[in-house]
Amino acid sequence: MSIRVYVPRDTTALSLGADTVARRLEREAAARGYPITLVRNGSRGLSWLEPLVEVDTPIGRFAYGPVAPSDVTALLDSGLLEGSVSHPLALGPTEDIDYLARQQRLTFARIGITDPLSIDDYRAHNGFCGLESALQREPQDIVEEVKASGLRGRGGAAFPTGIKWQTVLDTPADQKYIVCNADEGDSGTFADRLAMECDPYMLIEGMAIAGLAVEATQGYIYLRSEYPLAKQVLDEAIARTEQAGYLGDNLCGSGRTFHLEVRLGAGAYICGEETSLLESLEGKRGLVRFKPPLPAIEGLFGRPTVVNNVLSLAAVPFILAEGAEAYANHGMGRSRGTLALQLAGNVKRGGLVELAFGTTLRTLMEEFGGGTRTGKPLRAVQVGGPLCAYLPESQWDMPLDYETFAEVGAGVGHGGVVMFDDSVDMAEQARFSMEFCKVESCGKCTPCRIGSTRGVEVIDRIRANDNREANLTLLHDLCETMVDGSLCAMGGMTPFPVQSALKHFPDDFQRAANGDRS
Amino acid sequence: MNHSQKWAPQAIQAEVDALKHKPGALLPILHALQDRLGFIPEAAVPIIADALHQSRAEVHGVISFYHHFRTTPPGRHVVQICRAEACQSVGARQLEAHAKARLGVDYHQTTPDREITLEAVYCLGNCACGPSIRVDDSIRGRVTPEAFDALVDELQTRPLEVMG
Ligand SMILES: Cc1cc2nc3c(=O)[nH]c(=O)nc-3n(C[C@H](O)[C@H](O)[C@H](O)COP(=O)(O)O)c2cc1C
Ligand code: SF4
Ligand code: FES
Ligand code: FES
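Protein chains in written order, with this note's numbering: chain Y, 1 to 518; chain C, 1001 to 1164.
Bound-form chain Y, shown alone:
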């Protein structure tokens, strides 16, 4: 029997040469007379170890990483196919890698273990159990289960998922929709991508359950165009799910219907905002809508629509299969379940860290992240995406949960943690926040559209030491105007990173753009 060797195929592994590693392994093993069975699994989410090669042994899977194509010969020489741990890249049993062993993988229980497109693998790891359970239950029952789990939206606003579903269930209509927000535009986030590339059936199952819960028969995954691989994987997974009878006109022979289609965005960050997303799905410019009406009442094409983030929907199969309590048993306070944190930026060991709510940032950045990649002192961290505050060291000991972060004007957002070492110029970062808003504003309201343009100019003048004090006052005022007068969080929250930079890193605004003290 030939030995099974796993080489991940997610975007990160591929971006670091996984295809070449896979080809070399196959070729060189064959040349040595040991043909291997190559499995292109998903990623385990240990990005810094990618490409992470694994080998099946009688006592479980053994890992090697990060493997460059040029390491393949030496790894085979050292006995990789027998699980030998003599090579410096050998990591021992995969499940014992500290970074992974210390996590609580609920949503991401399967990633990296399975072949993402194999329905058999998915079924062998509890796949479709949630859907099968949902098919036996009344819609209200399903909604109650989701409510009882305490699941809150993972897209940023943390709204209780069950309550949103209740509104859609309670609104009569000839057609309802489930829309998955897969726009994942925040820098520093890639958990949605990992879920879609590495365990696509989980999202499909979650959406089908949502359909049953609110009596919607059509679903759309609105996927950002920056994720070409996720598009391929999802399209293929949807086709295979239909073939297996878990999607279509007669779900598992129940007579219930749910159809699903992937739609691509087109490089507009604002289309992650749910009403802008719906406009875009309708084929229009992504202008933000006034609320009310809520999308749950008048959403896509004016019909009641559930809009949920990938991870909110992906958590649902577990909740239906294992019960609300199993999910709610994790977490703290009103933040139940697990949070998918993503360690990104200047970090030594970046990757996905799924943990119950309540860990501190410091634990995350030091014990998991191992500090900065450059080895210089950590100076600032942006948690929750480009619209959230930069946090200085004094705020790294707060537990990560929605309420604690909200109290200090910070956000957990979609769980992105972007680390910066002490070479960062926080005035330059503040300028970027305004510039990003200027580029990505939908243009509907003045404080955002004009405010961000002015914001860039004002920060440029501050950095050029042109009337510095007066311009700093102007910048503070401008931030307040944007916060108070913007229609949506794009304009309304862009000031948060700027204000936090001003507050916690004022010195950076006192030096010239070239970094010298003036």
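Just so you know, nobody snuck in bad clues.
Derived CB-CB ranges, DEER-like:
| no. | chain 1 | residue 1 | chain 2 | residue 2 | range |
| --- | --- | --- | --- | --- | --- |
| 1 | C | Q1109 | Y | E393 | 38 to 46 Å |
| 2 | Y | R23 | C | T1144 | 20 to 28 Å |
| 3 | C | Y1107 | Y | N465 | 25 to 33 Å |
| 4 | Y | R123 | C | P1145 | 41 to 49 Å |
| 5 | C | P1023 | Y | N465 | 52 to 60 Å |
| 6 | Y | T446 | C | Q1109 | 27 to 35 Å |
| 7 | Y | P69 | C | P1023 | 42 to 50 Å |
| 8 | Y | C252 | C | P1145 | 51 to 59 Å |
| 9 | C | T1071 | Y | F301 | 23 to 31 Å |
Hints are computed from structural coordinates only; laboratory data are not their basis.
Backbone N, C-alpha and C fix where the C-beta goes; we use that ideal spot for every residue, glycine too.
Given chain Y, put chain C with the ligands in place with the hints provided.
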């Protein structure tokens, strides 16, 4: 993507007809055209407008709203550099400056030999292994200036088989 392919109004019409019945068909149509032709030619606008019973101005409005869609032909390869925060923290600004200098173009421009169009992008979901860039449909991580130069050499060397 084969951008050198000539487009014909019939080809555009066929793409539009294949998709116009979908709910919210405009973005799928624009994607199909750009995937096939590399850009959205001006001649496509009236065809789309007719098929969807919209005004040309509306169609133009949508095309111009989205950064992804372009109305002029790109070079043989499109290289996007991630400008977002996580990549900034590991040298994206330096990479960006290096890329512009090496290629002699700014964003949204194409090298004179029409090999490479340079674009900005805000996050490719590869934020633990930046700086990241996208070359056509493949994403590359931990791109140093030296790795960027090697990539450009690779892209500018045409394979021996004669290209169309
Ligand atoms: C500017 C802006 C960008 C957003 N981007 C995203 C996104 O990329 N993905 C996402 O799920 N939610 C995003 N949201 C939040 C959505 O509007 C919405 O709250 C979310 O999709 C609801 O799903 P959830 O309840 O499951 O979190 C964004 C909001 C704003 C204001
Ligand atoms: S705040 Fe900005 S993005 Fe939001 S609606 Fe206003 S202009 Fe559009
Ligand atoms: S709608 Fe929120 S500030 Fe006007
Ligand atoms: S910030 Fe560059 S890939 Fe995410």
